[in-house]
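So the protein lines, in turn, are chains A and B. Be aware that the first sequence starts at 3, since it is given in this note's numbering, and climbs by one per residue. Be aware that the second sequence starts at 3, since it is given in this note's numbering, and climbs by one per residue.
The hints are simulated quantities; they were obtained by calculation from the structure and are not laboratory data. Treat the hints with care, since some could be wrong.
Note that the list lumps identical chains together, so a pair holds whenever it fits in one copy or between two copies.
Unchecked claim - Below 30 Å or equal to it, Euclidean Cα-Cα: the simulated DSSO-like pairs (lysine-lysine) are:
hint	residue 1	residue 2
1	Lys193	Lys204
2	Lys204	Lys243
3	Lys74	Lys256
4	Lys256	Lys155
5	Lys204	Lys21
6	Lys74	Lys243
7	Lys178	Lys92
8	Lys256	Lys95
9	Lys92	Lys204
10	Lys74	Lys204
11	Lys155	Lys204
12	Lys62	Lys193
13	Lys62	Lys178
14	Lys7	Lys21
15	Lys62	Lys74
16	Lys178	Lys204
17	Lys92	Lys256
18	Lys204	Lys7
19	Lys74	Lys92
20	Lys178	Lys256
21	Lys7	Lys256
22	Lys95	Lys178
23	Lys62	Lys256
24	Lys193	Lys256
25	Lys256	Lys243
26	Lys21	Lys155
27	Lys62	Lys204
28	Lys92	Lys193
29	Lys256	Lys204
There are 2 protein chains.
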Amino acid sequence: MSQEKPLILIANDDSIHSKGIRVLTEIMSEIGEVVVVAPDSHQSGMGHAITMGTPIRVTKTETFGPNIQSYKCSGTPADCVKFGKHYILKGRKIDLMVSGINHGSNASISVLYSGTMSAAIEAAMEGIPAIGFSLCDYANDADFSHCHDLIIKIAQQVLEHGLHEGLTLNVNFPAKSESPIQGIRVARQAKAVYREFFEERKDPYGQPYFWMDGFLHNEDLNNGTDLDWLSENFATVVPVKYDLTDYQALEEMKHWDFTI
Amino acid sequence: MSQEKPLILIANDDSIHSKGIRVLTEIMSEIGEVVVVAPDSHQSGMGHAITMGTPIRVTKTETFGPNIQSYKCSGTPADCVKFGKHYILKGRKIDLMVSGINHGSNASISVLYSGTMSAAIEAAMEGIPAIGFSLCDYANDADFSHCHDLIIKIAQQVLEHGLHEGLTLNVNFPAKSESPIQGIRVARQAKAVYREFFEERKDPYGQPYFWMDGFLHNEDLNNGTDLDWLSENFATVVPVKYDLTDYQALEEMKHWDFTI
């Protein structure tokens with residue numbers, strides 16, 4: 003492979019066996035040298051978990067054919083990025099890290115629960131420009147064909163402009179439908195909330211267990227959020243930062259009495 | 003218990019069996035009606051993981067004596083908060099959620115990996131004023147005695163002022179030393195980075211596995227960050243928000259070419 007091609011690290015949370023990472027790997031191979039480090043099993047909802055107190059297994063695979071360097075990892079999505087940067091690609095400059103394509107939306111507050119987005123955020127913490135891609139379709143055989151040109155466009159924009167330190171992009175695509183995607187909109191994260199409920203069941207030995215279920219409830223409507231644009235068949239780009247400091251609150255809290 | 007006492011939900015990530023949550027439960031019992039829902043095993047580094055595709059077990063315990071309602075949960079710290087709010091305390095207004103006291107620092111970027119802080123952030127997402135408490139001492143038998151008055155002070159300030167929607171406090175205490183804590187400082191999250199390395203070993207069957215190890219490396223010095231103040235023996239309060247949108251980047255990206 004040409005040394006002029008950008009070096010692209012890929013991870014996800016749906017595992018190395020998912021269709022979404024296969025599609026993303028194929029697309030990224032068009033523009034760069036690709037290295038994949040992805041979980042060996044499903045890691046959805048893992049958030050920014052890292053493996054502590056347990057060793058990690060990593061195995062070289064030929065999941066994407068003999069020409070694509072790929073590894074499956076027993077750890078979390080964030081672990082995959084750390085292992086990719088600090089072990090497999092040690093000493094090499096990674097030009098871009100992409101995560102996904104996630105089977106299911108990571109818009110709004112799902113960014114916090116998402117292993118796919120945490121992998122991208124982990125890369126940003128490591129100083130690598132990073133993008134998380136998600137499709138609003140949870141099916142294992144979801145159709146990603148309408149995302150190809152948009153992914154190329156967004157990745158090329160990031161390679162061209164760079165991303166300032168600490169910034170990650172959270173990109174979501176509407177599910178494939180009869181009408182084409184209307185365009186790409188940069189937007190803020192919608193302030194929605196998960197409404198959870200717990201269904202109690204009994205196991206065969208009479209002991210209780212609970213299934214957690216829920217849905218995203220959004221009252222933050224018609225405000226140009228990611229959810230607003232997705233509902234109108236636009237792809238959305240939310241610039242995400244990992245400095246969680248609320249600077250406005252930091253000013254306000256100067257009036258609190260913390261004398262001890 | 004008096005109905006005028008505030009209702010306080012407690013969780014952590016070090017498990018219901020840790021000393022930190024016992025200390026926090028004792029302190030909170032001085033000012034409110036306490037309900038504990040905490041992991042039944044260690045969940046450090048779990049970030050904002052939630053349990054998906056697996057049922058959850060929850061068992062009532064008497065870990066803190068017969069007068070404190072407490073439950074151990076097989077799920078993650080975030081699961082514990084969801085279960086506490088939507089099942090155990092369904093229909094009741096929770097006045098305060100506190101998480102910890104964590105055995106070990108959650109300052110700087112550790113906020114993103116921390117199950118303790120994710121439990122507090124989860125509560126904020128549910129509209130509950132929430133505080134995560136951590137001690138910069140990883141020992142199982144860490145000495146928390148110097149934190150008592152500060153925890154009461156901070157909790158009372160939150161009960162008095164409230165926290166605006168979406169805000170959580172990340173509170174860190176220096177380890178106990180001969181000199182008393184100098185005071186409390188509101189500060190931003192230091193921009194540090196974990197420097198990881200992977201140690202390869204062979205299992206008894208000759209197969210490789212890896213231990214991930216690392217340390218926090220901080221070049222963001224003398225800027226009034228949480229790490230700066232902790233190093234001078236102050237307790238730190240970082241106001242944390244879960245809206246990850248980078249609003250500055252959102253403006254800048256309006257100039258990007260996203261035409262398709």
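Verification of the supplied hints:
no. : hint              : verdict
1   : Lys193 <-> Lys204 : neither (36 Å within a copy, 47 Å between copies)
2   : Lys204 <-> Lys243 : neither (43 Å within a copy, 38 Å between copies)
3   : Lys74 <-> Lys256  : neither (48 Å within a copy, 37 Å between copies)
4   : Lys256 <-> Lys155 : between (44 Å within a copy, 15 Å between copies)
5   : Lys204 <-> Lys21  : neither (35 Å within a copy, 32 Å between copies)
6   : Lys74 <-> Lys243  : within (28 Å within a copy, 34 Å between copies)
7   : Lys178 <-> Lys92  : neither (38 Å within a copy, 38 Å between copies)
8   : Lys256 <-> Lys95  : between (42 Å within a copy, 28 Å between copies)
9   : Lys92 <-> Lys204  : between (50 Å within a copy, 21 Å between copies)
10  : Lys74 <-> Lys204  : between (36 Å within a copy, 18 Å between copies)
11  : Lys155 <-> Lys204 : neither (51 Å within a copy, 44 Å between copies)
12  : Lys62 <-> Lys193  : neither (40 Å within a copy, 34 Å between copies)
13  : Lys62 <-> Lys178  : neither (33 Å within a copy, 46 Å between copies)
14  : Lys7 <-> Lys21    : within (25 Å within a copy, 53 Å between copies)
15  : Lys62 <-> Lys74   : within (6 Å within a copy, 39 Å between copies)
16  : Lys178 <-> Lys204 : neither (39 Å within a copy, 46 Å between copies)
17  : Lys92 <-> Lys256  : neither (44 Å within a copy, 35 Å between copies)
18  : Lys204 <-> Lys7   : neither (56 Å within a copy, 35 Å between copies)
19  : Lys74 <-> Lys92   : within (17 Å within a copy, 41 Å between copies)
20  : Lys178 <-> Lys256 : between (49 Å within a copy, 26 Å between copies)
21  : Lys7 <-> Lys256   : between (50 Å within a copy, 27 Å between copies)
22  : Lys95 <-> Lys178  : neither (35 Å within a copy, 42 Å between copies)
23  : Lys62 <-> Lys256  : neither (53 Å within a copy, 41 Å between copies)
24  : Lys193 <-> Lys256 : both (26 Å within a copy, 21 Å between copies)
25  : Lys256 <-> Lys243 : both (24 Å within a copy, 17 Å between copies)
26  : Lys21 <-> Lys155  : within (21 Å within a copy, 52 Å between copies)
27  : Lys62 <-> Lys204  : between (41 Å within a copy, 16 Å between copies)
28  : Lys92 <-> Lys193  : between (39 Å within a copy, 22 Å between copies)
29  : Lys256 <-> Lys204 : neither (51 Å within a copy, 54 Å between copies)
Of the numbered hints stated above, those contradicted by the structure are hints 1, 2, 3, 5, 7, 11, 12, 13, 16, 17, 18, 22, 23, 29, listed in ascending order.
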